[in-house]
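**Q** Sequence:
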Amino acid sequence: MAVRYLDGIRLRRAAAAAARWVAQRQENLNGINVFPVPDGDTGTNIAATLVSAVERAQRVRDRALGKVSRALADGALYGASGNSGAILAQFFEGFAEALEESDRAGPEELAVAVLRANRSAQAALARPREGTILTVMRAWSDRFRERATTDGTDLLAVFGDALETAREALARTPTQLKELARAGVVDAGAQGFVYFLEGMLHFAEGRMAGMVIEAGDHAAPLQRATIVEDPGSIQFRFCTECLVEAEALRVADLRAAVEPLGDSVVVAGSPRRIRVHVHTDQPERVFEAVGAQGRIVHRKADDMRAQHADRFARERVAIVTDTAADIPERDLQRLRIHTVPLRVYLGREVYLDKQTLNPDEVYERLTRGEADVRTSQPPPGDYAALYRYLFEHYGSIVVPSLSAALSGTIDAARRGADLADPARVEVFDTGTASIAQGLVVRAAAERALAGAEPADVVAAARDARSRVRLVLGAPTLEYFERGGRVGGRRMRLARWLRLVPLLTIPPERGRPRLAGVARRGHVHRKILERAEAAVRKEPRPPERIWIAHAAAAEVADAYRARLAELAPGARIEVVEVGPVLGAHAGPGSVAVAFLGAGGGAGEVPGGMADG
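Each number in my numbering comes from the position in the sequence shown (counting from 1) with 31 added on.
None of these hints come from the bench; they were simulated from the model. A couple of the hints might just be wrong.
To be verified - What follows is a list of derived Cβ distance ranges for each label pair:
{"no.": "1", "residue 1": "209", "residue 2": "93", "range": "15 to 23 Å"}
{"no.": "2", "residue 1": "279", "residue 2": "539", "range": "55 to 63 Å"}
{"no.": "3", "residue 1": "301", "residue 2": "209", "range": "32 to 40 Å"}
{"no.": "4", "residue 1": "160", "residue 2": "486", "range": "41 to 49 Å"}
{"no.": "5", "residue 1": "364", "residue 2": "206", "range": "30 to 38 Å"}
{"no.": "6", "residue 1": "93", "residue 2": "236", "range": "43 to 51 Å"}
Cβ coordinates follow ideal geometry from the N, Cα and C atoms, glycine included.
Using the sequences and the hints given, assemble the complete structure.
**A** What follows is the structure in C-alpha cells.
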C-alpha cells in the first residue's frame, strides 16, 4: 500500500522506532569509531541524541508535522552528544525549519525539507571532511529529492531507494578517509545515520510493529576497528560541549570564538539556542568564550584519552568515583579511574568540578566575600550514562564514593546504578574525602587493574579505608562553617579562643573531627607536625604520601621536601584540590594523607595542644 504523506503522528512513531533500532546497535558503532578520534563512543552519542529527540517529541499530542518535527529538533539539540550527535541535531533543525507551518507533507514538500536539513547539517562544520556522516547525508538527501520530485507517488519507495544510495555512499567512506582505510571500517557516524534511516523504513513497512524488533532483524556484530592503544594520538584531550541560549545568537560569532581553542568544531542550532562542540585541552576557556555571548544551560567535557584507553581494557572491574576524590593525574590515567563531576554554582552559572571551572575563580569569589558559591552532588543520570558506557568494556563496576555523611553523592551513585544495572554495580562508602578518598580509590583501582573479581576490589577498598590517615587544616574555618561541614561546642570554643582547629575525617564517622588546634598564623606548621608525628608512629614508613592544597602550592612543596626527609622511600605526590572541596575549605588549606599499617582508621596523633 502506497504512503502518500507524512504527518506528525507517523513521524513521531517512526523516529521512536528508529531510535530503538540505533540503540540496539550502538555497541557496533562504538567498535568501529576511529574518526575524528578513536574514543569509541559514537554509538553511545548518537543513541543519546536520538533518545533525547524522541522523548521531546513524545510529549507532543498534536498531529501537525511541524509541531512534531520542531520537538524532535529541540530535543536532539538539547541532548546532542559528540560530533555526530551535534551534526544530527542540526539536520533535524533544518528539517523542522522547512516544515514549521505544515500539518502534513507530501513528496515534494518533504524533498524541500530534506534538502534544507542536509544544507543545515553541512553548515554546522567549518571544515567538513568527505567520508563522514555528512557525505552520506548529502547522498541520501540528493537521491530523496531526485526521486520525490520525479516519481514520488509512494513515499516508501522514495525512502527505500534513497536508503540504498546512502548505503552505497557508506561503503565508499573507507576510500575517502585514510583513517577508516587503515582501520578497515566504515565511518561510525555515517553508519549510525544509515541505521536511523533503516529503523524508520522498517517501522513504516510494518517490520517493527509496536517498536518491537523481530528476532531476525538484529544486526550482526560489525568488524572491530583495527587500532593500537595510543592515547597520545589524540591531539586534544576533552570532547567539550555546551548549550547556550540568548535572544539573538550568531553561529559565525560562536564558531569564531571557539575555533582557536581546538578542532572538530561543530556549531548547531537556531538564533535562540545553539550547541557548541569542540575538542580542546581547555574546556574552561571554551565555556568562558561561549558564555560571553549567552547563558550556558548545559555543559560537559569528556576525557577522550581515557575513553580511548577503555577500548583496550581487559579488566573485569571498572572503577568510578566522584571528583571529591583528589588523585594525581598520572594515577587517574594509568589506573583508568573514571570520575563523575560534582557541581559548583557561581550565582546562576553551573560548572562541572575539575572539568569546566578553574579553582582560582572560586577562591576569588570567596575572598571577595560573595555568598553565592554553592556545591551540589551529581545527578543520578550522570552516573547511569557512565555505567552504561563502561558496561560495553567491563563486566562490573565498583564505585568508591565520597563520605555519605558529607554529601548525598553516594545516593546519586546508587540511584544511577538502579537506572543502569544494579546487579553489576557495587557502591562503596569511603567515609572520607579529598586525598584520603583518593588513596582508597587508588587501592581499589590497583586491584581492578590486576584483574581481580569485584569482591576482591571492594575488599581492597575496605582495607585501605581502615588504614587511611588524614590531617587537614585551613587558615580559617569560615568556609567549612558556611558549608555546614563543621560545628559544635568545641569548634565554637576554639573560635572564641582565637584558635584554628586541625581536622581529620575518621572513615567510621565520615565527618570532620578535631585533631588539634593551632594559633592563627601557625596552621601550616602544625599540620606538618601532625603529619610528621603520624608517619613516625607507623612501624614502617608509608609507601606513598599525598599532599593536597587550595592555592597554597609553595606550602605544599615545603611539606614535600620535609616529608621526603622523614620517609625517603615514599612516593610523594602533590595535587591541587578541585573547586568543590576548595569552596568548602577555602584558599590556603592544606592536607596530608597516607595509608598506615592498620588500625585506628583516619586518626592522627595530637590533641588540644596549641601552636
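**Q** In this structure, is the beta-carbon distance linking residue 93 and residue 236 contained in 43 to 51 Å?
**A** violated, 25 Å
**Q** For residue 209 and residue 93, compare the CB-CB distance with the range 15 to 23 Å and indicate the outcome.
**A** About 47 Å separates the Cβ atoms of residue 209 and residue 93, which means 15 to 23 Å is violated.
**Q** Verify the CB-CB distance for residue 301 and residue 209 against the hinted window 32 to 40 Å.
**A** Holds - the Cβ-Cβ distance for residue 301 and residue 209, about 35 Å, lies within 32 to 40 Å.
**Q** Could you tell me whether the CB distance from residue 160 to residue 486 stays inside 41 to 49 Å?
**A** Cβ of residue 160 to Cβ of residue 486: about 47 Å, so the range 41 to 49 Å holds.
**Q** Taking the beta carbons of residue 279 and residue 539, is their distance inside 55 to 63 Å?
**A** holds, 57 Å
**Q** Range first: 30 to 38 Å. Now tell me if the beta carbons of residue 364 and residue 206 are that far apart.
**A** holds, 35 Å
The structure fails to meet hints 1, 6 from the earlier list, while all remaining hints are met.
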